[in-house]
Structure formats: C-alpha cells, structure tokens
Amino acid sequence: MNELFARGSIGNHILKNRYIVGPMTRVSSEEDGTPNERVRQYYERFAKGGFAAVITEGVYPDTKHSQAYRYQGGLATEKHASAWAPIVEGVKSHGALMIAQLMHGGAQTQGNHYTDVTVAPSEFSPPADKVEVYYGSGAFPTAKELSKQEIEEVKQGFVQSAKLASQAGFSGVELHGANGYLLDEFLSEVSNKRTDEYGGSVENRVRLLVELIEEVREAVGTEMMLGIRISQLKATNGSYVWPGGESDARIIFSALGKTSADYIHISDIDAAAPGFGEGTKTMAQAAKQYANKPIITCGDLGDPEKAARVLQQGEADYIAVARQALANPDTPNRVKEGKPLGNFDGKAVMTPQAYVKDFELEY
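Residue numbers (the working numbering): 6 to 368.
Don't read these hints as lab results, they were simulated from the structure. Please note: incorrect hints may appear among the correct ones.
To be verified - Simulated DEER-style distance windows between Cβ atoms: (1) V246 <-> E310: 26 to 32 angstroms; (2) P132 <-> A353: 26 to 32 angstroms; (3) Q172 <-> D134: 33 to 39 angstroms; (4) T147 <-> T200: 15 to 21 angstroms; (5) S142 <-> G319: 27 to 33 angstroms; (6) K84 <-> G262: 32 to 38 angstroms; (7) T39 <-> Q154: 28 to 34 angstroms; (8) G319 <-> T39: 39 to 45 angstroms; (9) G243 <-> E283: 36 to 42 angstroms; (10) G116 <-> S252: 33 to 39 angstroms.
All C-beta atoms in this analysis are idealised placements derived from N, C-alpha and C, irrespective of residue type, glycine included.
Work out the full structure, taking the sequences as your base and the hints as a guide.
Given below as structure tokens:
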C-alpha cells in the first residue's frame, strides 16, 4: 500500500500522501454562516491524523441564493473569511493543505438565511423531499429560472468567494459541480431546459463550468490550487446517469481538461465500479483519459487495499474519503502504522441532525 503514501503534486502544491478528506455537510457553523470553534476543532483533527489535504464542506459563496442548508458555513463576507483564517492556519500547521469547496445550492436549497427564493437553470423542482438531518422537511419548491444577468451575478459570487478564500489562507478552491447543486443542474438535461448558449447540447451545458473556472483562475492566479467536483448522481436522485454515457463523459471531461483547472474530483457511489454500464470505465478512468489532469476520486474507498488498487491501476491520483474519515480522523496514520480501522456509526454521527457531535471532538 505504498501508493497511498507517495508524495504528489497538484498545481503548485505538494501533497505529503494520497489521502484527502472529502467534503461533508455538517451544518455546524453559526446561523449567518460564520465558522466557529467547533468547526475549527473538527477540521484540525483530520490534519493531525495525517491527511494530506482537507476539503471543506460545501460553503456558500454569496449572500443571495447560494446557501443550501441552515447552519452551513459561508465564504461570502469579510466576517466569514476572518473566521476561516485561524481554522486554515490550524490545519496547515500539521502539514496538510486546506481547500474551500464553493457551492451554490440551486434548486436543492432547503435553508437559506438570506432569501426564500430558489434558482436553477430552468424552472425545476428536485424529485425528492428535503432531508431532516440537514434541518429540512417536505417537498422542494419549484426554483425560478436564472436570467442571463443573474448567471453573471452567480459567477461573480464564486469569483469574490475565491478571493476571500485566498485572503483566508486556503491552499485552493474547489468548485462544486456535482451532486445536483446549481453547477451540476446546468450539466443535466433534466434541470436545464434553456435555449440559449447554456442549454441544449452537452457542449452548451458544460459552458458555465468552463467559464467559471477561467474567471476564478484569473481572480486568484496560479498560486492557489483550483479544482472542480463532478458526479452523475444527485443528492436528490442517486440513480441518475448521463443519458449519453461515456460519450457525454468524453465531452464534459474534454472540455474541463482544456481549462486551467488543476484537478478534477470525481464523486460516485463506488469509485471502483463501472461508471457507464457493465464493462465500462469508471468515472475516474474516463476523467483521467479525457481531461488528462490529476484526478481525485471518492466513493466507498474506505478499505485501504481497495483504495491502493485504484491508485495502482492508474484510475486516479488521489483518494478522498468521507465516512472513513468520520470514523477514523487519523485514517492515514492508522493505515501507515498497520492499526485497525473503526467502523462508521452513521446513527451516532448523523442524527438527530448532522452537526458535529461532542464525542467526535474527543478523538
């Protein structure tokens, strides 16, 4: 399993091993999105535990429509940035990088401090109920279609948030283009019925993501790592797949591969399983082939031997773990030392709501 502990690089940053903490919504910030002492302790445990990088939960980038969950962390104001700074410093003090995942909730918003209005590429209501562990209940409302001017405002929100991330000392930013949130809603033919340059063909539906990557890069320069997360599955539709299968993957990943993004982060139920039907490539393999960039992959890779095989086979360059990190914040250290890994207790961690529990901070 030496592959898991080889040094690597993304952009201008060195990672001490191949283990990364994946983004997880923990709804533990203040009502206005300001991260607090609980959040600081929560993230610092992972750095102490040997992870090479820690990706934050999706943080909202503006004070309009982007917040998706009550008590979700924000990176939309100077106050937010100032509160993140010591958290980032703490993580980096243990030799880990910290990446801010910037996320616009889109139609999957179920708790916004600033507005009751939800937005999407087209009028759209997610096909599931809100999630109780994230303080939601009942059906999602129908989101209103974004105008061209509002799309520009959305992009500016991400750009300003990326600047705040740089100001707070983050090593990089990751654009959340996965799991059914706004950027992913542009990718999907189900939620994107637009007839302008952002709708219709797959090439048009990926356009916003490509434009946003370049605008963020221009704002933060090359010192900050810049990535994007991509999935087929949605938080509100776990069985969704791209209708064109690998053909869609080729178009999407080829377009992203031509951008100045430093990496692509794949999210899947099982990162080692075929992504487009029996006998096909995994999502990570497709991304690596068509984008030709460093690939982080996430999805049921808690077993170190399975994770090492993914690296050995060249399917991905880095492994992101979520449940495994919650069960064992010191996963890399344990694996390196040959110590057993504990099991994830979803009920204890995620109920009654998904906020960080006291027992987690005792680790």
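Verification of the supplied hints:
1. V246 <-> E310: 26 to 32 angstroms: Cβ of V246 to Cβ of E310: about 28 angstroms, so the range 26 to 32 angstroms holds.
2. P132 <-> A353: 26 to 32 angstroms: Since the Cβ atoms of P132 and A353 sit about 30 angstroms apart, the hinted range of 26 to 32 angstroms holds.
3. Q172 <-> D134: 33 to 39 angstroms: holds, 38 angstroms
4. T147 <-> T200: 15 to 21 angstroms: The hinted range 15 to 21 angstroms holds for T147 and T200, with Cβ atoms some 19 angstroms apart.
5. S142 <-> G319: 27 to 33 angstroms: violated, 44 angstroms
6. K84 <-> G262: 32 to 38 angstroms: holds, 37 angstroms
7. T39 <-> Q154: 28 to 34 angstroms: Cβ of T39 to Cβ of Q154: about 29 angstroms, so the range 28 to 34 angstroms holds.
8. G319 <-> T39: 39 to 45 angstroms: Holds, at about 42 angstroms.
9. G243 <-> E283: 36 to 42 angstroms: This hint is violated: roughly 19 angstroms between Cβ atoms.
10. G116 <-> S252: 33 to 39 angstroms: holds, 37 angstroms
Checked against the numbered hints above, the structure breaks hints 5 and 9 and satisfies the rest.
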